[in-house]
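Undergrad: Going line by line, the protein sequences match chains B and Z.
Note that the first sequence ends on residue 393 in the working numbering; no numbers are left out.
Note that the second sequence ends on residue 326 in the working numbering; no numbers are left out.
Don't take each hint at face value.
Heads up, simulated DSBU-like pairs for lysine-lysine below, C-alpha to C-alpha not over 35 Å straight-line [what the hints assert, rightly or not]:
{"#": "1", "chain 1": "Z", "residue 1": "Lys-193", "chain 2": "B", "residue 2": "Lys-356"}
{"#": "2", "chain 1": "Z", "residue 1": "Lys-220", "chain 2": "B", "residue 2": "Lys-356"}
{"#": "3", "chain 1": "B", "residue 1": "Lys-351", "chain 2": "Z", "residue 2": "Lys-220"}
{"#": "4", "chain 1": "Z", "residue 1": "Lys-292", "chain 2": "Z", "residue 2": "Lys-121"}
{"#": "5", "chain 1": "Z", "residue 1": "Lys-79", "chain 2": "Z", "residue 2": "Lys-60"}
{"#": "6", "chain 1": "Z", "residue 1": "Lys-235", "chain 2": "Z", "residue 2": "Lys-220"}
{"#": "7", "chain 1": "Z", "residue 1": "Lys-209", "chain 2": "B", "residue 2": "Lys-356"}
{"#": "8", "chain 1": "Z", "residue 1": "Lys-121", "chain 2": "B", "residue 2": "Lys-334"}
Don't read these hints as lab results, they were simulated from the structure.
Computed from a predicted model, the values in this text were never measured in an experiment.
Take a look at the letters that make up each chain.
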Amino acid sequence: MYSKILFNLILIIFSVFFQMSFISSLPSLFSNLNFILVIIIFILVLINFKVAFYWSIGLGFFLDIYSFFPFGFYLFCLLVTLLFTNFLLNNFFTNRSMYSFLALTFFSTIFYVFSFNSMKFFLQVFAHQANFFVFTKEFWIKSAFQILLNLVLVIILFYLVNFASHKLKPVFLVKNKNK
Amino acid sequence: MLKFKTKKIFIYIAVILLLIFLHYIKILLPLENMIISLFNPVASRIYSVGSDIRITYNKQTDKRDLLKVIDALEEEVRQLTYGNARLEILEKENEVLRQHLKFLNKSDYKYVLANIISKSTIINSEKGEGANEKNIIIDKGQKDGLRPGLGVVNDKGIIIGKIIDVKENISIVSFTVNSNCKLAATILNQDDTAGATEGELGLTIKMNFIPQTKEINQGDTVITSGLEENIPRGLVIGKATAVLNDNNEIWQSAIIEPLADLDNLFIVSVLLP
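Chain Z extracted, bound-state conformation (with noise of 0.2 Å):
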């Protein structure tokens, strides 16, 4: 009796390695992508009902008045910040132009609008306790013209990760937030700062590789500096609140507080190059 238990767990077993077999010599891929294709507009729908739940949750937890109040100061910040930005690296531009006499328009960006379909919490044991990052999956991929590294905007330009792996109709987008989401940025100080931006333990930014002699201040707009291959100049990253400045050390640091609410986005923008 257990030999013939032992023989049918041996068949499933066998069944498995058979799927998974099929799979990787793709005579399942065209079933996969029909799912995938058929059932991304499903998903997405679900996602938003339960991000609806989700937002509805937060907001009562909290004192009704005071969230409108910061809601509305937050999104005024917002506004302001990117336009502020916008504004600034414009005149910078426009400076430029007028002694080549040339013209770029870089604020037309082609780029691809995507539904996110799920949301998947990793615990990144490489960086330690507190390391709880997020990703989510949009119902765009190669098909698409997607490919890992591009960057993901929210619908206020603000850039809330890079793609990091893409299957043939969706992909993974890594959060600003998270330990494998390193950027080249630039704080809008006087000098133009450049360093490189990575996530901590999925809360916040922090911006290394600045050098000692340059000023930082608290509230200094970080943006992306464009000298990443698929990500242009200009995107808001966040807002500096604290720096971390060791004489003993050759570079400083400084922490950045992202702009863009990671926890209410149902679509996003991917920029193509």
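With the rest of the complex left out, here is chain B (with noise of 0.2 Å):
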């Protein structure tokens, strides 16, 4: 049990300085990438939910040490990231097909967007500085990168996932010969 977590802890380190150093560090379209977030995606939909939740809680835990940002404010927005995807995933994308991936990683990245630039915004409002976020052309085109980068994330990881195991369904429904 302590080495299943002890090799948790070390995924989930690998995964913030990843995201953090790494994807930060790359030409400037593709950090907009969302790594923490696909991952937090793949472990909801393939292991459980409370997995899922560690996760977020190693994950936003690490980040908030490195952001300068109010402790706590990766922590709510990864947890709260993470109930709207419980949400969809219990309720519209049960499957586990490359479909099901996709619609949830494009509805999860929006929705993180929008709640992280939110609480920034609620942040300005106290230092008086606001100005809403929805109104800036930059927002979009980042929001719209991070979305595509990410559904090209998913998609890699789910063929990587499927050729490892048989937990995904294939994309396409395979006929009955025999019928």
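Fit the two chains together into the complex; they arrive one by one in their own frames, and the hints show the way.
TA: Here is the structure:
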């Protein structure tokens, strides 16, 4: 059990620094990738909500340590996004097909981007410097790139996981030849 | 069943609130500081790997031969501008020193070297469209003597930004092209015209509060004036590329192109007072 916890902790730390140091240093388009969100979605779908929650706590904690936002900012963002994704998974995208993953990623990314920027907006309101981010062209461009990159990463990871295990459904349903 | 799930969610929220509470009463502080000091070297190595990829990607998108020529010329210009600015300042100082028979050596700065461990792009909606500003996080903080307002330079001694916030082991630096980075500056023209610079749209710098009576030419070098508490005089900021002169206004402005390459930074120096 302890080795499992340690293994998960190492993966969490790797994910945080991969996102924070490696992805942020890439050319500006590619630095929009939200690797952490995609990982949480995969864990939620492939394992369960409890493990995804522990991962979101771990990831949020490490991100908050390195962040200059008030502590708890990333913890809350990731938690609410996880709850929203879980709701979608249980009520709408219940099968584990490629399309479900893509739809989950699409809506979760939008939710994460809006919740992140909304919380930042409310912080700015207290600092008397707020201007609503929705009216900024850059916000829409960066969000679009983030969605696109996340979807690409999901496709790559989906095929990798599908290759390694049979937990996922194939993209196309195969007709029963013996009918 | 639904009640049970709701109860679980409340437990999860309580865990997060507990973590936040423990952070603010500083029980988690030793753990956080230990994590940061343990993983800062890792983060800076990972950042430099990503930066290598970025630099390679950027270079391959342009024509190679032209890039080499441009790179070489830019390097030469930077060195010459930096050298020229230093010489001009030393020349003027020398004159004053001779009159007063005092000697001050202003080129011996106290500094702290720092690695960049992360970069963040923030959308400054206050400044409207095109306001795409970048900050970097460095692996030095309060325990190294850093505090908000200190100047940060690259390996050529060109100022790249100011520290805007610090934690125990890390600090965040705002680039000179960001709107929240303001510097007291001087143009190296005939009159040593003073003004204040402010970043514009995350791309360039604008120098404001220049009296209308002062003449500014394209290509004039802009340096820090030393009027700010923590930033010494003589740090090169950039070169004037355009002058905005409206006769109906009290002041004129100049657009300054930063001489530092803000995309290719790995290590920076923080100047200590």
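Undergrad: Is the Cα-Cα distance between Lys-193 (chain Z) and Lys-356 (chain B) 35 Å or less?
TA: holds, 30 Å
Undergrad: Mind checking the alpha carbons of Lys-220 (chain Z) and Lys-356 (chain B) for me, to see if they're no more than 35 Å apart?
TA: Holds, at about 28 Å.
Undergrad: Need the status of pair Lys-121 (chain Z), Lys-334 (chain B): alpha-carbon distance at most 35 Å?
TA: violated, 42 Å
Undergrad: Holds or violated: are the alpha carbons of Lys-292 (chain Z) and Lys-121 (chain Z) at most 35 Å from each other?
TA: holds, 22 Å
Undergrad: Between Lys-209 (chain Z) and Lys-356 (chain B), does the CA-CA distance stay at or below 35 Å?
TA: holds, 32 Å
Undergrad: Quickly compare the C-alpha distance for Lys-79 (chain Z) and Lys-60 (chain Z) to 35 Å and report which way the hint goes.
TA: Given that 35 Å is the threshold and the Cα spacing comes to 29 Å, the pair holds.
Undergrad: For the pair supplied as a hint, Lys-351 (chain B) and Lys-220 (chain Z), confirm whether the alpha-carbon distance does not exceed 35 Å.
TA: Roughly 32 Å between the alpha carbons, so the hint for Lys-351 (chain B) and Lys-220 (chain Z) holds.
Undergrad: Hint check: Lys-235 (chain Z) vs Lys-220 (chain Z), CA-CA at most 35 Å. Holds or violated?
TA: holds, 21 Å
Of the hints listed earlier, the one the structure fails to meet is number 8.
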